[in-house]
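Visitor: Here are the chains, one letter per residue:
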Amino acid sequence: GQQVMQIPQYQHVQEGEDFTTYCNSSTTLSNIQWYKQRPGGHPVFLIQLVKSGEVKKQKRLTFQFGEAKKNSSLHITATQTTDVGTYFCASGYSSASKIIFGSGTRLSIRP
Amino acid sequence: EAQVTQNPRYLITVTGKKLTVTCSQNMNHEYMSWYRQDPGLGLRQIYYSMNVEVTDKGDVPEGYKVSRKEKRNFPLILESPSPNQTSLYFCASRPSGTETQYFGPGTRLLVL
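Note that the protein sequences, when read in sequence, are chains C and B.
In terms of our numbering, the first sequence is residues 1 to 111.
In terms of our numbering, the second sequence is residues 112 to 223.
One chain only, chain B, in its complex shape:
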């Protein structure tokens, strides 16, 4: 089944404890992206990747890192999480040449 998977789905952590949220897609899509969703703000793009080893900042990249060593995986790294990073995070992918994005199920993060 074609899908985007994220792990973990739920995470409670404390300020400053490094964490990684994984994202994987099995559709051989070139483009992958991370978003955070907060009430009243919609989805805001954190980072995106056009292909392997090609990443760039979205609108809200501060406090986040990403890597794209393989086409299928696009992990989101929070080196030192802070409470303002408490949010719902979505990973998405799409093939080149189209705008149709396929979203993962989301990861709900709470930073205490």
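Only chain C is shown next, with the shape it has when bound in the complex:
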């Protein structure tokens, strides 16, 4: 079935370092969404990318959608302790009714 692979599973960085998580699919995606889940919390929608090669920024976060619409990345510049959590990518298929999530990347930060 449809799968979205996400790497790495864990990332431990020093505060101030950059962080990147990647999502890859073997099939073309209609769109990709990114969510953040704080420890003990629920997923919170961050952004959606739809167009091939699209790049969007939210303050220190940069989101990219690949030219072939098969991969995406989330890059955080100069991490802060508030960035701690698990980041998930997700994509809709079958008329966007079904949603597939990546397995997530858990980010922890050394102050």
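Careful, some of the hints might be misleading.
[Stated by the list, open to error] Below 25 Å or equal to it, Euclidean Cα-Cα: the simulated DSS-like pairs (lysine-lysine) are:
id : chain 1 : residue 1 : chain 2 : residue 2
1  : B       : K182      : C       : K98
2  : C       : K57       : C       : K36
3  : C       : K98       : B       : K168
4  : C       : K98       : B       : K176
5  : B       : K180      : B       : K168
6  : B       : K168      : B       : K129
7  : C       : K70       : C       : K51
8  : C       : K98       : B       : K180
9  : B       : K168      : B       : K128
10 : C       : K70       : C       : K36
[Said to hold, decoys possible] A few chain B residues that don't get close to chain C, going by computed Cβ distances all over 12 Å:
id : residue
11 : E112
12 : P119
13 : I188
14 : P194
Derived by calculation from the structure, the hints in this document are not laboratory data.
We put the CB at the ideal spot given by N, CA and C, even for glycine.
Here the structure of chain C is known, so what remains is to put chain B in place on it, guided by the hints.
Guide: Frame of chain C; chain B shown alone:
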């Protein structure tokens, strides 16, 4: 306040004892969905509903039932829970025409 609520938040039960986890949203969203979250597996979709009386299976529907009699409510039913259904469950909703899902706080279920 616009929100998705789930009850109960925590539940310990025994194998075979039927249970229902309720989900309610006050945003008049057409689409609602249930997910389970397990370590290393991310969120997996159990069932979703495009609107009242319209439901369909997600990726892991076995052992679960849902109903959508009203727009605001989307209960998840476990007729005969088993230990492999021990998990963290999230309900989510979104309006039609967007992909932005709003998640409930989660229900942590332990089946002994």
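Visitor: It remains to establish, for every hint, whether it holds in the given structure.
Guide: Verification of the hints:
Straight-line distance between C-alpha atoms of B/K182 and C/K98 comes to about 19 Å, which keeps the hinted pair within the 25 Å bound. For a cut-off of 25 Å, the pair hint linking C/K57 to C/K36 stands: about 15 Å separates their Cα positions. The straight-line distance between the Cα atoms of C/K98 and B/K168 is roughly 8 Å, inside the 25 Å bound, and the hint therefore holds. A C-alpha spacing of about 17 Å is found between C/K98 and B/K176, which places the hinted pair at or below 25 Å, so the restraint holds.
Between B/K180 and B/K168 the CA atoms are separated by roughly 17 Å; this keeps the pair inside 25 Å, and the hint holds. Using a Cα cut-off of 25 Å, the hinted pair B/K168 and B/K129 holds, with the two alpha carbons roughly 20 Å apart. The suggested pairing of C/K70 with C/K51 holds, with an alpha-carbon distance near 11 Å, which does not exceed 25 Å. The suggested pairing of C/K98 with B/K180 holds, with an alpha-carbon distance near 20 Å, which does not exceed 25 Å.
Of the pairs offered as hints, the one joining B/K168 and B/K128 holds, with about 23 Å between alpha carbons and a cut-off of 25 Å not exceeded. Between C/K70 and C/K36, the direct Cα distance comes to roughly 21 Å. Compliance with the 25 Å bound is thereby established for this hinted pair. Residue-level check passed: B/E112 sits 15 Å from the nearest beta carbon of chain C, beyond 12 Å. Against chain C, the non-interface label of B/P119 holds: every CB pair exceeds 12 Å, the least being about 15 Å.
No beta-carbon of chain C is positioned within 12 Å of the beta-carbon of B/I188; the least distance is around 20 Å. B/P194, annotated as away from the interface, keeps every beta carbon of chain C farther than 12 Å; the closest lies near 22 Å.
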